[in-house]
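J.: As they're listed, the protein sequences go chains A and B.
Just so we're aligned: 154 in this note's numbering is position 154 of the first sequence, and the numbers increase by one with no gaps anywhere.
All you need for this note's numbering is the position in the second sequence, starting with 1, plus 266.
Note that these hints are calculated values from the structure, not bench results.
Mixed in with the good hints there might be a few duds.
To be verified - Pair ranges (Cβ atoms, derived):
hint: 1; chain 1: B; residue 1: Asn471; chain 2: A; residue 2: Lys68; range: 34 to 42 Å
hint: 2; chain 1: B; residue 1: Val619; chain 2: A; residue 2: Tyr177; range: 51 to 59 Å
hint: 3; chain 1: A; residue 1: Lys95; chain 2: B; residue 2: Glu269; range: 25 to 33 Å
hint: 4; chain 1: B; residue 1: Asn528; chain 2: A; residue 2: Lys95; range: 36 to 44 Å
hint: 5; chain 1: B; residue 1: Glu269; chain 2: A; residue 2: Gly187; range: 46 to 54 Å
hint: 6; chain 1: B; residue 1: Arg545; chain 2: A; residue 2: Lys80; range: 53 to 61 Å
hint: 7; chain 1: A; residue 1: Asp179; chain 2: B; residue 2: Gly603; range: 55 to 63 Å
hint: 8; chain 1: B; residue 1: Glu491; chain 2: A; residue 2: Asp179; range: 51 to 59 Å
hint: 9; chain 1: B; residue 1: Asn451; chain 2: A; residue 2: Lys213; range: 19 to 27 Å
Ideal Cβ positions, reconstructed from N, Cα and C, are used throughout, including at glycine.
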Amino acid sequence: MISKILIYVSAIENIDDYRKAGVSAFLFGLDGYCVGYNTYSLDTIKKVNVSNKYILLNRVIDCKDIDKLKNVLTQLDGIKGIVFEDIGVYEVVKKMNLGLELILFQNHFATNKDSVSFWLERVDSVFLSNEITYEELKKIVDSVSKKVCVHLYGYNQVMYSRRLLLTNWSLEFNIPYKDKNIIEDKGTHIKFRVMENEYGTVMYSENIFNGVKYLKDLDVLYYYVNTMLIDHEKIMKFLNGLNDSLSEGEDIGFLEKETIYKLKER
Amino acid sequence: MQERIELLSPAGDLERLKIACLYGADAIYIGGQNYSLRANALNFSLDDIKEAVLFAHNLNKRVYVTVNIVFHDKDLAGVKEYLKNLDSIGVDAIIVSDVVIMDLWRKMKLKMELHVSTQASALNYEVVNFYKELGATRVVLAREATKDDIIRIKKETGLELECFVHGAMCTSISGRCVLSNYATNRDSNRGGCAQVCRFVFDALNTDKVFSMTPKDLNMVSDIAEMIKIGVNSFKVEGRMRSVYYIATVIDVYRHLIDMVVNNKLDIAYTNYYLSILNRCANRDSTSQFFNGLPGRNEQYFLGRDEVSNKDFLGIVLDYDKENKIVTLEQRNYFKVGDVVEFFGPKHEVFEFVIPADIRNKDDEIIEVANHPRMIVKFKIDRELEQFDMMRIKVFDISQFL
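Assemble the whole structure, with the sequences as input and the hints as a guide.
T.: In structure tokens, the structure reads:
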């Protein structure tokens, strides 16, 4: 299982520990094209001495930045592939014929086998949504023609806004700006973790998703470990154990809990 | 060839669709009882859709049906049959976000057009070209698109572009929010959004509450610019809004678009229409992303002071031309002597004073109309029609000249 983990590198200095634990695929957020992640310049990413390097582009990209991206994409020597959110990236890479592995990562959209199959005719892999049940997820994994990626561990992204919500809040109340915060709904007492950069605001789930118990035997391309906002020690404990049990502050998300969308049949 | 300029209205049911058509919408978007993002609205059965299409086509208007949920496998049962039915009925387009439906539309060779929903969050020309290659004739751009983005996308794709011009905004990029799933177990991308972004949150290490509710979108001041840069369809949000809201908003944007096209829009009318819309919605509104990134002034922080609007006084059910008697259904309190105004699809707004002789459905003289939906009759010389509306007179164009 450890050999199939794709880990998000939230700090370069942690890479050696990940490697020692057996991880061999690494994801780096590229400056200017990510929200909700610590990011790096292309030069910094290139200097990292590991073989399976992927870059993450998880923004919904405007016209100006899709233009700039075309230049960036010509400089990706040493990069194995791109993990991306905006379909414009697919269009650009297709035309440029760069020979890069393409993995579509639209957080909440890959929820049925036909849509996933549609994309697998065009890209190398697809991240499945983490808001579907284990039954739904397994059905997709078992029925599509290529191996997909699934979330294994980490906080889930639950919201992405182009607005600078923490900046606006700090200006309105004249309180010091802090790019990470935790908010809590008074009614439900649910908490969300808020991150912001100049491209927008992302909220993460209250609990860490841990899908080892359910997902360990799936035939996937990658198990994704999102290290953002999690202590390095906790990540290492997870990587070195990979066991079925949940620690405090962890849950299994929607694997056993189907969401509803009609309050009642009319 | 003249590009299409279309005013696109929402409708949550047949009555609202008729109101939207009559008040000047060129096209109406509706949701069926399945596969649509307003899962808890009444929505349209297939029979309703048939009637809607017939009604709209008779007036030379178009009907679009949203099939815009993000599908789970089990939701796909029956969807092919549904699409076939929509096509047979003569629906003009489906509005779609999931590629599974785009693929089906293509494979089934359906006649109706394919429009890509704002849920797909198209913000650059490359993604719009992707959908164009799939066969889409129109893309509803992400609400985050700026003027510069729209200009560039139009230039690089030549595709019909649809943009929101009025109504509520999501805090997040459309489709990129599952706050509802986590807070309430309701699936926001399948129509169960519980509007968690409207909640007021506590924040760690401070006594200042955290709120992220955006103000509404209102493009009255930029409508001329939007037409100039090539936006084809001007979309009003709100399939769950009232008949009065739809009539008012569609009436205003109809006038605005026509005035721009005929080069007659000036600052006085712009301000007049802005005032009417702001009062109707009872919320603050801004142009949001069109002119740049919205900041603290484009959102609420301590909740909204949203008082229920009592301006809508009644809707005309009938007008007796011979005796010049109007019959209307009351919607809010009014009384003898009140200064009101009528507006409707076939005449300009005019002022009227409620006469001394007003009667209820039993022909008894009354002084006040104070029962919800009571039938009220009185004499009025100006001819009215079914679906004309009576509201409190607040603004007059002379105030803005």
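J.: Could you check the hint for me, namely that Lys95 (chain A) and Glu269 (chain B) are 25 to 33 Å apart, CB to CB?
T.: holds, 27 Å
J.: Go ahead and decide if the range 34 to 42 Å is satisfied by the Cβ distance of Asn471 (chain B) to Lys68 (chain A).
T.: holds, 37 Å
J.: Between Asn528 (chain B) and Lys95 (chain A), is the Cβ distance one that fits in 36 to 44 Å?
T.: The hint (36 to 44 Å, Cβ to Cβ) holds, given that Asn528 (chain B) and Lys95 (chain A) are roughly 43 Å apart.
J.: How does the Cβ-Cβ distance of Glu269 (chain B) and Gly187 (chain A) compare with 46 to 54 Å: does it lie in that range?
T.: holds, 48 Å
J.: Range hint 19 to 27 Å: satisfied by the CB atoms of Asn451 (chain B) and Lys213 (chain A)?
T.: holds, 21 Å
J.: Given a hinted range of 51 to 59 Å, is it respected by the beta-carbon distance of Val619 (chain B) and Tyr177 (chain A)?
T.: Check passed, 56 Å falls within 51 to 59 Å.
J.: Between Glu491 (chain B) and Asp179 (chain A), is the Cβ distance one that fits in 51 to 59 Å?
T.: Since Glu491 (chain B) and Asp179 (chain A) have Cβ atoms about 34 Å apart, the given range 51 to 59 Å is violated.
J.: Given the hint of 55 to 63 Å, is the C-beta distance from Asp179 (chain A) to Gly603 (chain B) inside that range or not?
T.: holds, 60 Å
J.: Would you say the C-beta atoms of Arg545 (chain B) and Lys80 (chain A) sit inside 53 to 61 Å of each other?
T.: 58 Å Cβ-Cβ, so the 53 to 61 Å window holds.
Checked against the numbered hints above, the structure breaks only hint 8 and satisfies the rest.
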